[in-house]
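Chemist: Work out the full structure, taking the sequences as your base and the hints as a guide.
Respectively, the protein sequence lines represent chains V and A. The first sequence begins at 192 in this note's numbering and counts up by one. The second sequence begins at 4 in this note's numbering and counts up by one.
Rather than coming from a laboratory, the hints here were simulated on the basis of the structure. Idealized CB from N, CA, C, for every residue including glycine. Accuracy of the hints is not assured; some may be wrong.
In silico DSS-like pairs for lysine-lysine, Cα to Cα no more than 27 Å straight-line [claimed, not checked]:
{"no.": "1", "chain 1": "V", "residue 1": "Lys-569", "chain 2": "A", "residue 2": "Lys-10"}
{"no.": "2", "chain 1": "V", "residue 1": "Lys-303", "chain 2": "V", "residue 2": "Lys-319"}
{"no.": "3", "chain 1": "A", "residue 1": "Lys-55", "chain 2": "V", "residue 2": "Lys-570"}
Over the 10 Å line for every Cβ pair with chain V, so calculated as not near, a few chain A residues [to be verified]:
{"no.": "4", "residue": "Thr-33"}
{"no.": "5", "residue": "Lys-55"}
{"no.": "6", "residue": "Glu-76"}
{"no.": "7", "residue": "Met-81"}
{"no.": "8", "residue": "Met-87"}
{"no.": "9", "residue": "Arg-91"}
{"no.": "10", "residue": "Asp-93"}
{"no.": "11", "residue": "Lys-97"}
{"no.": "12", "residue": "Asp-114"}
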Amino acid sequence: MEKIYFDNGATTCIDNEVLEEMMPYYNKYYGNPSSLHSFGVDAANAIDISRMKIAKILNAKQDEIIFTSGGTESDNLALKGISYSFKEKINTKDNHIITSSIEHPAIIETCKYLQNQGYNVKYLPVDKYGLVKIDDLENAITKNTFLISIMYANNEIGTIEPIKDIGKIAKKYGIIFHTDAVQAVCKTPIDIKKLNIDLLSISSHKIYGPKGIGVLFVKNGIEVIPIIHGGGHEKNIRSGTLNTPGIVGIGKACELGQNRMNIDIPHIKKLRDKLINNLLKISDTYLNGHPTKRLVNNINFHVKNIDGESLLMMLDEKGIATSTGSACSSKKLYSSHVLKELGLNQNQLQSSLRLTLGRENSEEEILYASELIPKVVKKLRQISPI
Amino acid sequence: MKIEYTKIVKDHFYNPRNVGEIKDANGIGTVGSKTCGDVMTIYLRIEKKIIKDISFKTYGCAAAIASGSIATEIAKGMKIQDAMGLTREDIAKKLGGLPEFKMHCSNLAADAIHKAIKDYTKKLKE
Ligand SMILES: Cc1ncc(COP(=O)(O)O)c(C=O)c1O
Ligand code: FES
Chain V
192 MEKIYFDNGA TTCIDNEVLE EMMPYYNKYY GNPSSLHSFG VDAANAIDIS RMKIAKILNA
252 KQDEIIFTSG GTESDNLALK GISYSFKEKI NTKDNHIITS SIEHPAIIET CKYLQNQGYN
312 VKYLPVDKYG LVKIDDLENA ITKNTFLISI MYANNEIGTI EPIKDIGKIA KKYGIIFHTD
372 AVQAVCKTPI DIKKLNIDLL SISSHKIYGP KGIGVLFVKN GIEVIPIIHG GGHEKNIRSG
432 TLNTPGIVGI GKACELGQNR MNIDIPHIKK LRDKLINNLL KISDTYLNGH PTKRLVNNIN
492 FHVKNIDGES LLMMLDEKGI ATSTGSACSS KKLYSSHVLK ELGLNQNQLQ SSLRLTLGRE
552 NSEEEILYAS ELIPKVVKKL RQISPI
Chain A
4 MKIEYTKIVK DHFYNPRNVG EIKDANGIGT VGSKTCGDVM TIYLRIEKKI IKDISFKTYG
64 CAAAIASGSI ATEIAKGMKI QDAMGLTRED IAKKLGGLPE FKMHCSNLAA DAIHKAIKDY
124 TKKLKE
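Modeler: Here you go:
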């Protein structure tokens with residue numbers, strides 16, 4: 192059996208079609224898209240096409256697509272860029288920004304930074320499935336609230352937040368609504384108009400595109416103050432010579448993702464449900480997150496009295512790549528803030544494992560994993576004194 | 004901070020030695036880590052102040068399992084007064100080193116051995 196990759200939430204492989212489309216922009220059409228000569232025009236045209244493809248999957252306009260270096264930068268730009276345009280709020284009381292307590296560090300850490308700058312941030316709690324409660328959101332709104340930022344879907348547990356309801360609330364109170372959709376794009380259809388979304392973050396390397404490129408959708412009419420200054424690229428919101436191959440890549444990845452959604456979603460969902468079903472047959476094993484309001488590719492579970500890191504390493508040795516929490520937190524000792532917010536105790540936190548499937552995974556791989564994981568659990572339980 | 008385990012750690016983790024209980028153990032020590040909540044139990048069969056047989060059980064990370072495994076190899080045949088002097092550094096060194104933030108895992112093994120020996124000497128006095 193070849194190695195099995197169940198960590199598509201951390202990053203995906205790059206699709207061959209995407210890679211092929213990018214290649215000429217490294218060594219053939221390498222002009223600076225700002226240049227007036229034909230080299231520049233070729234690059235600029237490719238960027239326009241990419242912008243169009245991305246706008247299409249969101250039901251947005253082409254000029255509402257701002258290219259960045261990835262999901263982290265998009266999140267930073269959204270939060271800081273909006274907050275800086277409401278500088279006068281610093282001197283007012285109550286919540287300026289409302290977010291959730293289970294956001295990705297790209298949001299949480301940016302919010303902490305903004306708190307140091309004088310902004311007040313409210314981190315909404317979530318229920319045991321990871322869902323934000325609309326009542327909590329509405330209660331947290333004050334007359335000085337200018338931004339709501341709540342993720343579309345959580346990267347660790349896959350819970351899909353009630354984005355439509357959040358959008359309605361934001362609209363009702365005239366508050367700008369940003370969502371980190373890094374994990375949701377291409378896994379569920381997103382219509383920014385129907386959902387009342389004002390800003391939305393995308394990262395290419397989660398959707399079979401290249402690393403180091405992302406998008407921030409900014410609805411026309413919304414002012415975003417730049418955090419990177421320079422030549423005034425991207426409507427003066429994000430300076431820096433555009434990364435043409437990356438942009439071609441993320442555009443193609445979005446297009447493919449949209450075209451394949453009809454095939455990919457049922458395929459991955461079927462595999463996921465089969466594997467969840469088999470895993471929950473292991474005694475004292477529980478799913479983390481929501482049973483149905485869940486990304487099609489996400490499995491997160493805890494096995495009583497099993498250490499997640501030990502389980503991960505034993506599986507890695509047998510060729511299955513998984514993750515404890517998010518890719519960033521597996522290097523730290525203290526486990527996931529997300530699982531903690533769900534109310535899991537220390538033992539449950541440490542015994543959690545995340546499997547995130549992708550379009551490349553097969554039925555055969557699911558069967559192999561379904562046989563192997565219970566065996567490894569048994570082995571670890573034999574070693575355990577408790 | 005990247006978890007990069009040595010070959011020795013991996014070997015002892017994937018194939019832990021002396022796992023389980025000793026039926027006629029005359030010293031048993033269980034300790035829990037304050038840092039992470041993980042647990043290790045050491046079983047000893049001591050004869051004439053020498054560790055004749057030793058085994059372990061661990062609920063913990065890869066470093067904890069490997070530490071338990073290699074600690075049993077180090078302690079086997081040792082005089083109990085020498086085993087009382089075993090430190091987490093001794094264990095980590097035998098493993099070819101551990102990341103700094105994983106040192107408490109080897110501590111578990113050292114502490115459990117000390118506790119098992121104290122259990123033995125306490126029983127002797129009774
Ligand atoms: C929900 C979420 N937001 C933001 C990011 C950061 O994206 P990037 O790796 O492109 O900076 C990630 C990926 O790690 C993510 O899962
Ligand atoms: S992290 Fe707990 S024993 Fe290693």
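Chemist: Hint by hint, work out which the structure violates, then give me just those numbers in ascending order.
Modeler: 4
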